[in-house]
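K.L.:
Protein chains in written order, with my numbering: chain A, 1 to 110; chain B, 1 to 116.
Just so you know, the hints here were simulated from the structure itself, not pulled from any lab data.
Here a beta-carbon is modelled for each residue, glycine too, at the ideal position from N, C-alpha and C.
Careful: at least some of the hints might be erroneous.
[What the hints assert, rightly or not] Here's a subset of chain A near chain B, in silico, CB distances under 10 Å, partners left out: (1) Val-4; (2) Gly-42; (3) Leu-46; (4) Phe-47; (5) Ile-60; (6) Ser-82; (7) Ile-86; (8) Leu-98; (9) Gly-101; (10) Thr-102; (11) Gly-103.
[Unchecked claim] With beta-carbon atoms standing in for the labels, derived distance ranges: (12) B:Val-50 x A:Lys-54: 21 to 27 Å; (13) B:Pro-39 x A:Glu-17: 33 to 39 Å; (14) B:Ala-82 x A:Thr-20: 19 to 25 Å; (15) A:Val-27 x B:Val-88: 22 to 28 Å; (16) A:His-38 x B:Val-12: 20 to 26 Å; (17) A:His-78 x B:Val-88: 23 to 29 Å; (18) A:Gly-16 x B:Lys-9: 31 to 37 Å; (19) B:Ala-82 x A:Val-27: 29 to 35 Å; (20) B:Asp-56 x A:Asn-10: 33 to 39 Å; (21) B:Asp-38 x A:Gln-14: 30 to 36 Å; (22) B:Ala-52 x A:His-38: 28 to 34 Å; (23) B:Asn-28 x A:Gly-16: 40 to 46 Å; (24) B:Ala-82 x A:Asn-10: 28 to 34 Å.
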Amino acid sequence: KNEVEQSPQNLTAQEGEFITINCSYSVGISALHWLQQHPGGGIVSLFMLSSGKKKHGRLIATINIQEKHSSLHITASHPRDSAVYICAVPPPYNTDKLIFGTGTRLQVFP
Amino acid sequence: NAGVTQTPKFQVLKTGQSMTLQCAQDMNHEYMSWYRQDPGMGLRLIHYSVGAGITDQGEVPNGYNVSRSTTEDFPLRLLSAAPSQTSVYFCASSYGVPNSGANVLTFGAGSRLTVL
Numbered sequence: 001k002n003e004v005e006q007s008p009q010n011l012t013a014q015e016g017e018f019i020t021i022n023c024s025y026s027v028g029i030s031a032l033h034w035l036q037q038h039p040g041g042g043i044v045s046l047f048m049l050s051s052g053k054k055k056h057g058r059l060i061a062t063i064n065i066q067e068k069h070s071s072l073h074i075t076a077s078h079p080r081d082s083a084v085y086i087c088a089v090p091p092p093y094n095t096d097k098l099i100f101g102t103g104t105r106l107q108v109f110p
Numbered sequence: 001n002a003g004v005t006q007t008p009k010f011q012v013l014k015t016g017q018s019m020t021l022q023c024a025q026d027m028n029h030e031y032m033s034w035y036r037q038d039p040g041m042g043l044r045l046i047h048y049s050v051g052a053g054i055t056d057q058g059e060v061p062n063g064y065n066v067s068r069s070t071t072e073d074f075p076l077r078l079l080s081a082a083p084s085q086t087s088v089y090f091c092a093s094s095y096g097v098p099n100s101g102a103n104v105l106t107f108g109a110g111s112r113l114t115v116l
């Protein structure tokens, strides 16, 4: 079993739809990262959170430490949100490192 | 601030050749790291550094060397390139290690390496 699993792997949506991407992990963690990778390849860090919820514009990230689960929500999705969304966690055996999920590819159509 | 600068963006090597991927950051970040990204797989950590003079291995260190003589620079060396090292490489930095405080990672633009 992978230590970090994301679902779905691929997601298509119409502009304006509410999007949810899920991340489950099997190790105890102190923080979780959400990253965005656009088709051009650049990677941008969206959130780092260790509890509760964080919001930035139309993006909302939540985490439930007890259930080992995090979600990334996009409200009023737009074609420019089309990207790969990646979650990552530092494993408890070495918190200097990150373990990455394989990503969720989102396409938003006008 | 330029952020994290990686060079080159593209490189083609023949098996057995050596090369260095350069990574520089101007944010005074202590933590720097190198990842490779392969189709169908998540980013995998090659090497990382928690400060000048300190480096450590990640998940996939074989075939790669690093050094951290200054806070700003963290070059990745391929001593004898192999086709299995064909990948996209990303350098990243942050103020501290990934589990602490609000230490989000800043990534370079990536370097696409092909080994023939």
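K.L.:
A separate judgement is required for each hint: does it hold in the structure or not?
P.N.:
Right, here's what the structure says about each hint:
With a cut of 10 Å, the hint placing A:Val-4 at the interface with chain B holds, because the nearest CB-to-CB distance is about 7 Å. The beta carbon of A:Gly-42 comes within 6 Å of a beta carbon in chain B, closer than 10 Å, and the hint placing it at the interface holds. Checking A:Leu-46 against chain B: minimum C-beta separation of about 8 Å stays under 10 Å; hint holds. Hint status for A:Phe-47 relative to chain B: holds, with the closest Cβ pair at about 8 Å, below 10 Å.
Because the closest C-beta pair between A:Ile-60 and chain B is about 16 Å apart, greater than 10 Å, the hint is violated. Among the interface hints, the one on A:Ser-82 is violated; its C-beta lies about 18 Å from the nearest C-beta in chain B, farther than the 10 Å criterion. A least Cβ separation of about 7 Å between A:Ile-86 and chain B falls short of the 10 Å threshold, and the interface hint therefore holds. Annotation: interface hint on A:Leu-98 holds; nearest CB of chain B at approximately 5 Å, less than 10 Å.
A hinted interface residue such as A:Gly-101 counts as satisfied when its beta carbon comes closer than 10 Å to some beta carbon of chain B; here the least separation is about 6 Å, so the hint holds. Taken as an interface hint, A:Thr-102 checks out: its beta carbon lies about 5 Å from the nearest beta carbon of chain B, inside 10 Å. For A:Gly-103, the interface hint holds, the least distance from its beta-carbon to any beta-carbon of chain B being 7 Å, beneath 10 Å. Roughly 25 Å separates the CB atoms of B:Val-50 and A:Lys-54, a value that falls within the hinted 21 to 27 Å.
Roughly 28 Å separates the CB atoms of B:Pro-39 and A:Glu-17, a value that falls outside the hinted 33 to 39 Å. Taking 19 to 25 Å as the suggested C-beta distance range, the pair B:Ala-82 and A:Thr-20 does not conform, at roughly 41 Å. As the Cβ distance of A:Val-27 to B:Val-88 is approximately 26 Å, the hint placing it in 22 to 28 Å holds. Evaluation of the 20 to 26 Å hint for A:His-38 and B:Val-12 yields a pass: the beta carbon distance comes to about 24 Å.
About 26 Å separates the C-beta atoms of A:His-78 and B:Val-88, a value consistent with the hinted range of 23 to 29 Å. Taking the beta carbon of each, A:Gly-16 and B:Lys-9 are about 35 Å apart, inside 31 to 37 Å as hinted. In this structure, B:Ala-82 and A:Val-27 meet the distance hint of 29 to 35 Å, their C-beta atoms being roughly 31 Å apart. For B:Asp-56 and A:Asn-10, the Cβ-Cβ distance of about 35 Å falls inside the hinted range of 33 to 39 Å, so the restraint holds.
The supplied range of 30 to 36 Å is met by B:Asp-38 and A:Gln-14, whose beta-carbon atoms lie about 32 Å from each other. Roughly 32 Å separates the CB atoms of B:Ala-52 and A:His-38, a value that falls within the hinted 28 to 34 Å. One distance hint, 40 to 46 Å for the beta-carbon pair B:Asn-28 and A:Gly-16, holds here, with the actual separation near 42 Å. Distance hint for B:Ala-82 and A:Asn-10: a CB-CB separation of about 31 Å, consistent with the stated range 28 to 34 Å.
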